[in-house]
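Participant: These are the residues of each chain, in order.
Number of protein chains: 2
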Amino acid sequence: MERSISLRGIGSFHIGGEIVSLRGKPPIQAMLAAGGVPVTMDPNGDYVVGQMYAQYFLGGDGQRPPVVFWHGGGLTGACWETTPDGRRGWVEDFLLDGRDVYLCDAVERGRSGYAPIPDIWPVPISQSAAGLFTRFRIGRAASDTPLESLPAMAFPGTQFPADHYAQFMRQVVPRWSHTDEQIMAAYHALLARIGQRSIVVCHSQGGMFGLRSAMEAPHAIAAVVALEPASVPLEEARRRGYTTPTLIVLGDYIDGDGRWPRMRDRIMRFSAEFPCVRVLSLPEAGMKGNSHMLMMDKNNMEISAKVRAWLDAFS
Amino acid sequence: MERSISLRGIGSFHIGGEIVSLRGKPPIQAMLAAGGVPVTMDPNGDYVVGQMYAQYFLGGDGQRPPVVFWHGGGLTGACWETTPDGRRGWVEDFLLDGRDVYLCDAVERGRSGYAPIPDIWPVPISQSAAGLFTRFRIGRAASDTPLESLPAMAFPGTQFPADHYAQFMRQVVPRWSHTDEQIMAAYHALLARIGQRSIVVCHSQGGMFGLRSAMEAPHAIAAVVALEPASVPLEEARRRGYTTPTLIVLGDYIDGDGRWPRMRDRIMRFSAEFPCVRVLSLPEAGMKGNSHMLMMDKNNMEISAKVRAWLDAFS
Numbered sequence: 001m002e003r004s005i006s007l008r009g010i011g012s013f014h015i016g017g018e019i020v021s022l023r024g025k026p027p028i029q030a031m032l033a034a035g036g037v038p039v040t041m042d043p044n045g046d047y048v049v050g051q052m053y054a055q056y057f058l059g060g061d062g063q064r065p066p067v068v069f070w071h072g073g074g075l076t077g078a079c080w081e082t083t084p085d086g087r088r089g090w091v092e093d094f095l096l097d098g099r100d101v102y103l104c105d106a107v108e109r110g111r112s113g114y115a116p117i118p119d120i121w122p123v124p125i126s127q128s129a130a131g132l133f134t135r136f137r138i139g140r141a142a143s144d145t146p147l148e149s150l151p152a153m154a155f156p157g158t159q160f161p162a163d164h165y166a167q168f169m170r171q172v173v174p175r176w177s178h179t180d181e182q183i184m185a186a187y188h189a190l191l192a193r194i195g196q197r198s199i200v201v202c203h204s205q206g207g208m209f210g211l212r213s214a215m216e217a218p219h220a221i222a223a224v225v226a227l228e229p230a231s232v233p234l235e236e237a238r239r240r241g242y243t244t245p246t247l248i249v250l251g252d253y254i255d256g257d258g259r260w261p262r263m264r265d266r267i268m269r270f271s272a273e274f275p276c277v278r279v280l281s282l283p284e285a286g287m288k289g290n291s292h293m294l295m296m297d298k299n300n301m302e303i304s305a306k307v308r309a310w311l312d313a314f315s
Numbered sequence: 001m002e003r004s005i006s007l008r009g010i011g012s013f014h015i016g017g018e019i020v021s022l023r024g025k026p027p028i029q030a031m032l033a034a035g036g037v038p039v040t041m042d043p044n045g046d047y048v049v050g051q052m053y054a055q056y057f058l059g060g061d062g063q064r065p066p067v068v069f070w071h072g073g074g075l076t077g078a079c080w081e082t083t084p085d086g087r088r089g090w091v092e093d094f095l096l097d098g099r100d101v102y103l104c105d106a107v108e109r110g111r112s113g114y115a116p117i118p119d120i121w122p123v124p125i126s127q128s129a130a131g132l133f134t135r136f137r138i139g140r141a142a143s144d145t146p147l148e149s150l151p152a153m154a155f156p157g158t159q160f161p162a163d164h165y166a167q168f169m170r171q172v173v174p175r176w177s178h179t180d181e182q183i184m185a186a187y188h189a190l191l192a193r194i195g196q197r198s199i200v201v202c203h204s205q206g207g208m209f210g211l212r213s214a215m216e217a218p219h220a221i222a223a224v225v226a227l228e229p230a231s232v233p234l235e236e237a238r239r240r241g242y243t244t245p246t247l248i249v250l251g252d253y254i255d256g257d258g259r260w261p262r263m264r265d266r267i268m269r270f271s272a273e274f275p276c277v278r279v280l281s282l283p284e285a286g287m288k289g290n291s292h293m294l295m296m297d298k299n300n301m302e303i304s305a306k307v308r309a310w311l312d313a314f315s
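Order-wise, the sequence lines are chains A and B.
Here the UniProt record's numbering is used: position 282 in the first sequence is 282, and no number is missing along the way.
Here the UniProt record's numbering is used: position 151 in the second sequence is 151, and no number is missing along the way.
Calculated from the structure, these hints are not laboratory results.
Any given hint could turn out to be false.
Here are the simulated SDA-like cross-link-like pairs (lysine to any residue), alpha carbons at most 25 Å apart as the crow flies [said to hold, decoys possible]:
hint: 1; chain 1: A; residue 1: Lys25; chain 2: B; residue 2: Ser149
hint: 2; chain 1: A; residue 1: Lys25; chain 2: B; residue 2: Glu148
hint: 3; chain 1: B; residue 1: Lys288; chain 2: B; residue 2: Arg197
hint: 4; chain 1: B; residue 1: Lys298; chain 2: A; residue 2: Lys25
Chain B stretches covered by chain A per the calculated footprint, using a threshold of three residues with CB under 8 Å from any CB of chain A [as the list claims (entries may be wrong)]:
hint: 5; stretch: 64-71
hint: 6; stretch: 287-295
Quick reminder that beta carbons are idealized off the backbone N, C-alpha and C, glycines included.
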């Protein structure tokens, strides 16, 4: 029998951000729709920048802690939905488990929007197909490798659906690298607005924000699940303390990687110094072949089941 | 008793787009996360551009025609969700009515992503708070009017939740004006992928795509609801014919507007020449005060009820 999802409500809101004013710039003539009437556009005026989009699916009873999903760099909330090869993603899995889910797009990505004016923000970082393929530990490729050659260069035994790598690239978006504090502020505002102790499930760049928020607002967070966090706030945690139950999940192929051995060292040190932080290294637990994109790997439901089992102790 | 939404499934996919290759550009040094390890980024490589994000909420029985929502310029799919003042939006309303819903972000907006490289696409169009306030017929303001002064300048009797105009501005995103054909191609690909005759509910810039798709792929579309379409394909329809049941909805304050009287003239001509096209002018139907943003005006549920009643004849 098909399982179905029951929701108390569905919707979204934008949160945070500030008003920025532009003055003294020349007008622009633009045709906004083919066949429409030309419009003189005055770029001067006020804009809201730094806000964040949060979409909610209320699949729980309103009592269990809600789950908020915070994606990594170059991605949007879409990474937690259907996988590139069309399998169920973590959003649907957590809804079927009876949770309220908040699916966020970080500031300046996805439906959050971004500052449209180069005067406010410079050109964003782009990440090419071959660059991400290597950085996300799906395989190893020179940066000028054409996209269509990449699937065949995946690590033997990879859990990433490498045949669908072009489909994965469709969800990659530009990002800026100077917006960390705006993103962190928006996530804090989200947790305050939810007003219940939440579970933060976060990934890569988002992992850093999840761990920071648990340190900076421990009252707001029941637990953190950080999938391969891009950094851990080790020094700050030494100063301020870190008491939030936290599960850090690591995939495979770290030993041969250019960056991840050092990141893993810091993660292990963080876990050793703060007993509330547990590290789940998937290859050491017998699950081989995971890439950086754990939530869309072929065994994503097995990983989700492990995560949900761990979470059940805290909610 | 609270009504609840039952879904057969929830998820998303990206569709369409093409591979673009960059070669010969110098490397970039970037810090992707504060406290992380610096990364040398090679901007060269392959990207996918022109793809579109579609999120689906399967709230129907799989037999009734699904509803696809196509937003207007400067916006994303978020405009069909919760209103700026926190009321129910059309997505939830159509789900409660037992429909499958596809919520799209047009090419280069929202979760669809955009080409990150100025070589591919120039600086996008920005639309300031005061500019949109006037263009969306909420009130009339000089383009340098500060955002906080705008709510008090709304037309008397406006249905737009003007006190929440800053919240509305949080969902405005940059757009390009040269991407119409990519957007149209992605919408055609979406309809083909859905594979059922669909109902297209579209707005403003999206209205033009809805009417074009009904003309170019009439087999794929059961009906079109175009809220204030930014243009109508009158000349092309004369050549190719137009047979799709279509409801065009117009709001208030058109007479004093700089552009809308001419747009309304074309819409009325389109309706006069093609009997399958009906125009619902809300003020003539006794509903006064609607802005261009009909789906988030205070009477958005009344308008939705009228639209759903009209749709029931076709599905």
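Participant: Next, verify each hint and record whether it holds.
Facilitator: Cross-check of the supplied hints:
1. This hinted pair checks out: lysine 25 (chain A) and serine 149 (chain B) have alpha carbons roughly 21 Å apart, not beyond 25 Å.
2. Annotation: proposed proximity of lysine 25 (chain A) to glutamate 148 (chain B) holds, straight-line Cα distance about 21 Å (limit 25 Å).
3. Taking the CA atoms of lysine 288 (chain B) and arginine 197 (chain B), the gap is about 33 Å. The hint is violated against a cut of 25 Å.
4. Note on lysine 298 (chain B) and lysine 25 (chain A): the hinted pairing is violated, with a Cα-Cα distance of about 35 Å set against a maximum of 25 Å.
5. Counting residues of the stretch 64-71 of chain B whose C-beta sits closer than 8 Å to any C-beta of chain A gives 0, which falls short of three, so the coverage hint is violated.
6. With a threshold of 8 Å between beta carbons, the proposed coverage of the stretch 287-295 of chain B by chain A is violated, since 0 of its residues qualify and at least three are required.
Hint violations for this structure: numbers 3, 4, 5, 6, all remaining hints satisfied.
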